[in-house]
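Participant: These protein sequence lines map, in sequence, to chains W and A.
To convert a position in the first sequence, counted from 1, into my numbering, add 31.
To convert a position in the second sequence, counted from 1, into my numbering, add 917.
Among the clues, some could well be false.
[As the list claims (entries may be wrong)] Each computed BS3-like pair below joins lysine-lysine, with the alpha-carbon atoms no more than 27 Å apart:
(1) 33(W) - 1207(A)
(2) 1205(A) - 64(W)
(3) 1303(A) - 1158(A)
(4) 1205(A) - 1166(A)
(5) 1300(A) - 1166(A)
(6) 33(W) - 1205(A)
(7) 1205(A) - 66(W)
(8) 1266(A) - 1186(A)
(9) 33(W) - 1186(A)
Keep in mind that the hints were calculated from the coordinates and are not lab data.
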Amino acid sequence: MKITVCIGSSCHLKGSRQIVEELQRLIADHDVKDKVELSGTFCMNNCTNGVCVTVDQASYSLTPETTESFFATEILPAL
Amino acid sequence: MNNLCTDIGYRSLTKFGELLCGDHVDIVEQGDNSMVIVLADGLGSGVKANILSTLTSKIISTMMAQSMSIEECVSTIASTLPVCSVRQVAYSTFTILRIVNGEEAELIQYDNPYAILLRNGRHFDYPMTMLTIDGKQIFQSRFPIYEGDIFYLLSDGNIHAGVGRALNLGWQRDTIIDYVEACFDTEYSAKTLTTILLDECNRLYGGKPGDDTTVCTIKVRKREAMNLIIGPPANRDDCNKMMALFFNKEGKHIVCGGTTSSIAADYLKEPLIPELTFIDPDIPPTAKLKGVDLVTEGVITINKVLKNAQDYLLDNESYQHWGYKNDGASIITRLLFEEATDINFFVGKAVNPAHQNPDLPISFNIKMRLVDELAECLKQMGKRIKVSYF
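Chain W with its partners taken away, still in its complex shape (with noise of 0.2 Å):
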């Protein structure tokens, strides 16, 4: 599986370096590291929507603060 983190501007802005600090944080604490790949991405023009991230084909709006919660749904149900 990999998830892609949108880094350009926008996202920057609105948080993606957390985002993807705590992925990396939630993909070490449980051990799915050879399971999940977690890449970066520049703008994927849906900026107003950020941040971006997709999950193999599926897009997904994250926040810092979404991003336990939807590691939780969208991703270890998944592996």
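Based on these hints, arrange chain A on the given structure of chain W.
Facilitator: Showing chain A alone in chain W's frame:
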């Protein structure tokens, strides 16, 4: 004529308690590869010294640039400078460095500490002949210059640093030579070398300089081109044209901006691979793209570079951050300030709809202003700048 040019950086410490510095540096360019640099140190300190040194450096640099002889310059100064009412003399010491065609240096020194020359990082003892003009002993030297030569022009505040405090006799010229040899690094810009030496003087003075102290560093270097592209063109049909012009330019290539880097990746037919490491929490990560020397985010990164540039022209305090860090902004800062002499900006005027959100501090106008201000700062650093809009 060759492709050598000079990188010049100078800064002064003002005597503790004074508002004005009594040292003055003046630079007059003569065409592409020739220039006159004068460092003058006025008698006394404060307003009087400031007037004397400003007059002296202006008169000498202007006259020398008009190819007038050193004798004429000195006698003009002697008859022009106001006489100090306390000491009954009109007096300002000076060091003149003239670079001729990027091939030869002429040093003319009067009563300042002798200029220091580093060649290949080692002290080089240049020959001097003494002239006596109006009873003043003036030392003259002429010799060819080579890439990598570094001249340090100094006012006597340098050799007085630490007198009676850290050092009994002040900072002797020989010890200064040891110090600048130890600090030598080919990557450092003239301004950085100046900052390193002046900071040490300030430290020896315990932060309270007992005399006006000036360092002017001149580094002889090759011209180095750098190209930076930011923003997609206003008309998307111009993408290929803009990229073709950009990539055809000689020198390194920096791509700034998410959309811009995607366009560059399409043009080069190479994958764009963003990094996910946040070296500086405020600066978005960089990316890798084959054929491009550096890919970064746009406005936030450039905004930081502009901040560094403004600081560089003042006291260069932020050097301790951008000097070694590997976030996008610090790398661009090093490439533009230290490595480049000729910079071409390719600026796309497309409006990013996502940035027009009033909550975000990155509107279109800000982007255009950032580039303009950065170009202006770089010009003040003595770089040749060309900005093209698309």
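Participant: Run through the hints listed earlier and report the numbers of any the structure violates, in increasing order.
Facilitator: No numbers; nothing is violated.
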